[in-house]
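Sequence order for the protein chains is G and S.
Mind the numbering: the first sequence is residues 1 to 111 in our numbering, read in order.
Mind the numbering: the second sequence is residues 1001 to 1114 in our numbering, read in order.
It should be emphasised that the hints constitute simulated quantities derived from the structure, not laboratory data.
Predicted, not measured: the structure shown is a model, and the values here were computed from it.
Only true hints are included.
Coverage of chain S stretches by chain G, computed from C-beta distances (three or more under 8 Å per stretch; other residues unrestricted): (1) 1039-1048; (2) 1056-1070; (3) 1103-1114.
Ideal Cβ placement from N, Cα and C applies to all residues, glycine included.
Spelled out from the first residue to the last, the chains are:
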Amino acid sequence: GQQLNQSPQSMFIQEGEDVSMNCTSSSIFNTWLWYKQDPGEGPVLLIALYKAGELTSNGRLTAQFGITRKDSFLNISASIPSDVGIYFCAGLEGQGFSFIFGKGTRLLVKP
Amino acid sequence: GAGVSQTPSNKVTEKGKYVELRCDPISGHTALYWYRQSLGQGPEFLIYFQGTGAADDSGLPNDRFFAVRPEGSVSTLKIQRTERGDSAVYLCASSSRQGVGTQYFGPGTRLTVL
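Only chain G is shown next, with the shape it has when bound in the complex:
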């Protein structure tokens, strides 16, 4: 079956530092989504990517759809305490509807 590997599993960084996380898949994806989830809440969409090579920013967040269509990364610049949470990547293969999620990257920010 499809595999989606997300790394790192967790990060503990100092406020102000930049953060990078990525996802790789065993198959080609047509869409990559990045979400943030806070405790007790549903995931909130951060960035959506639809084309290979696409680079999209949302404030301090930047994400890219890899050229091979098997990977994506998310960068957060100048982290702040409210960036704390779990970040998930999700991918969609072909013309299906079943998004596959990574296991998440837990981000902790030390003030």
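With the hints as your guide, set chain S onto chain G.
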């Protein structure tokens, strides 16, 4: 409200019982998804509705799980003969675009099977 709502927020039941979980999508959203999220994991796709019909139910784990969306808006996820392994957070999401699109998630229903 403006977002996806789910009720109840928490449900505790006994093994073998029947449960229903409700999702109210964002008004006008034609696509609706159900996911299951276990502790420490990402959401796991269960079923996708486009309008009233289930366009993809390949994620339902077995025939104890069933979902309906009779009028193309509210959806109900039904679990029969619950098992302890069904304990998880059940998330609903809706989208305004068919298939591929940006999904907006509800807060989830935390199901605990004793």
